[in-house]
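Chain A is already provided as a structure; the job is to place chain B with the ligands on it using the hints.
Protein chains in written order, with this note's numbering: chain A, 2 to 367; chain B, 2 to 314.
Honestly, the hints are just simulated from the structure, not real lab data. Idealized CB from N, CA, C, for every residue including glycine. It is possible that some hints are incorrect.
[Claimed, not checked] Pairwise CB distance ranges, derived in the manner of DEER restraints:
| hint | chain 1 | residue 1 | chain 2 | residue 2 | range |
| --- | --- | --- | --- | --- | --- |
| 1 | B | Met58 | A | Val353 | 26 to 32 Å |
| 2 | B | Ala168 | A | Met2 | 37 to 43 Å |
| 3 | A | Arg20 | B | Asp170 | 32 to 38 Å |
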Amino acid sequence: MKSLSRIFAILLKEVRQLRRDRLTFGMVVGLPVMQMLLFGYAINTDVRNLKTAVADQANTHLSRQFVTELAQTQVVDIVAGADSPRQLEALLRDGSISIGVFIPHDFDRRIVDRTRAATHLLVDGSDPTILGVANQLRAMPFGFDAGDTGPVAPQVIEVRPYYNPERRTPVNIVPGLMGVILTMTMILFTAVAIVRERERGNLELLINTPVSSAELMIGKVVPYILIGMLQLALILAVGRLLFDVPVRGSIVDLYLAAFAFIAANLALGLFISTAARTQFQAMQMTVFILLPSILLSGFMFPFEGMPLVAQWLGEVLPNTHFIRLTRGIMLRDASIADLYPDVGYLLGFALVAMTGAALRFTKRLD
Amino acid sequence: MNREFAIEARGLTKRFGDLVAVSQLDLDVPRGEIYGFLGPNGSGKSTTIRMLCGLLMPSDGEAVVLDTEVPGDARRLKPRIGYMTQKFSLFGDMTVHENLQFIADIYSYPRRERAARIQELLERYNLRDQQKQLAGTMSGGQKQRLALACAVLHHPELLLLDEPTSAVDPQSRRDFWAALFRLAEAGTTILVSTHYMDEAERCHRLAILDQGVKVADGTPSELQASTGMHVIEVIASDPYHAQVVISEIPEVASVTQLGVRLRVLIPDAHSEPTRTVDAALRSAGLDAQASLSSATLEDVFVAVTLQPGRRAA
Ligand SMILES: Nc1ncnc2c1ncn2[C@@H]1O[C@H](COP(=O)(O)OP(=O)(O)O)[C@@H](O)[C@H]1O
Ligand SMILES: [Mg+2]
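Isolated chain A (complex conformation) (with noise of 0.2 Å):
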């Protein structure tokens, strides 16, 4: 009982400072729909318009009209003509294209030929998506009109993909990307809480009173499960309305997923806390945690395509585990029984690290 009511006014205590804090209050709005727009709008692996250069050294009616077909496709945008593979790689070098088209003066001859390749495709393999494309277009089918060339080699592999058929950047983003942002203002908030109360001083008269340690964290970390919870219905909102992304499972499953996914972050964001003695430390600790979470998560490269240790890294990460659950959840239908491991590992998660805080929280200076 008393126990409860020491909880309630380290609880009201945080809400009351917390409205306060504009700084804070901004983040927890403006932080997951900045950072929607932001990944929403620029990052876009649907590539179109790359700029490229053509050499044309045939200028048949053949090659004029691959070079038309190619331009239909809207993946490359031809810019400018050049003469030599020399000029290409010239302009590729100076960042005025990415791809450069180089169809040598035999190119009728080695199109019906077939054992050399008929144009060469100079790209620019410093960007792997560039690259990607580049591959796509290897296997364009031209359907040319001239009778006798015959048909080029048709396509032997069709992929069709399930659960996002038109491809779009935005249904297979948003579900990893609100993991990363959950992570990112989770962490911060609870990282900050302790650390903060220490440099205001505010901490010596705390661990002066009747409450316990454990009594501290839980009422800290409850306002900010329900701020987690606000954020999630941004993020799904801003996702419905600008990128049409779909939650195809069960909303409540999606929150009770999300709930296990905050609690084990809020609880890491509390060991950082006890760890840490400055802010600034606690925010680099948070920044380390955060990196990881975006890269070894399956957020941005496919989990299975990591090398090996970088995937066990990655098994250690909540986020790892929450993309898992919302890509499951609201684009596969998935249902939270079919995930029970990777909530199981949240909550896990969430446990040790809240009891870790708490015990290592000592209600001593020294």
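Relative to the frame of chain A, chain B with the ligands by itself:
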């Protein structure tokens, strides 16, 4: 086993690395009294208070506070003590009323009496008009009254006040001490640290700390009577030169300038101290009068913190 003392410490020591912040401190604080800690900055006042309420682990020695072993049973002690930190430690981004409410909640103050208690404190500590003001925006004196109100809200038996008046004006200091006397009369034991002599004089009893060592303790009059020094007051038209001349007298332990007056300490063992000083001043051709005076706490402080070599002189 209700002991006579609210605080008993034996050999209390705190080391921070090589630095000995508090060294072998023995302390007996009688119940219901105002006990002062007098000492300059860095003398170990805060460190001692923190050890007594269990915030710092002593490197050595032991302390019993309100019959409770510290730091062992500190958790049981918390509801019975009130602590006012040296630095303002309430929540600057909450109002005065919210801060008091928070303290009431955290100490589980009986719910039905909570509102009345807060009103009573707002009234007594003259904070009624500020109750909607954010604590961080208040003046030094107002902050200090709020901190005291929060420290006493739950009726603690023992109050530990760490330099409570260091950031307030003289009128606020007088009001603050009036409030302390009132609390002491109601039976609260108060340990208060200060570096103001006039405040130390108001304590029932005090300990003088210097570089982590307790150099003297007792009631103010006991301390004033037992300096082991004659105190000579010199009024000079040129106090600077007079000070130079007097400090060259081998018997003199210390000379302190207070405006046009000099306070000269000479060990008890020397007879006729006034004449010695007079003679020195006259032979230097200075216009000054020396007369025997009685020790103030300031003199006591100077006497007990003298370098050992100098004291023996
Ligand atoms: N946490 C700490 N770490 C290292 N040194 C400390 C710490 N706290 C206090 N000290 C040192 O201990 C000495 C006593 O400090 P303190 O008790 O604050 O003195 P006072 O309160 O009398 O001004 C000082 O030299 C101070 O620098
Ligand atoms: Mg101090």
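Quick rundown of the hints versus the structure:
In this structure, B/Met58 and A/Val353 meet the distance hint of 26 to 32 Å, their C-beta atoms being roughly 27 Å apart. Between B/Ala168 and A/Met2 the CB atoms are about 38 Å apart, so this pair conforms to the stated range of 37 to 43 Å. One distance hint, 32 to 38 Å for the beta-carbon pair A/Arg20 and B/Asp170, holds here, with the actual separation near 33 Å.
Figure legend: structure checked against the earlier numbered hints; every hint is met.
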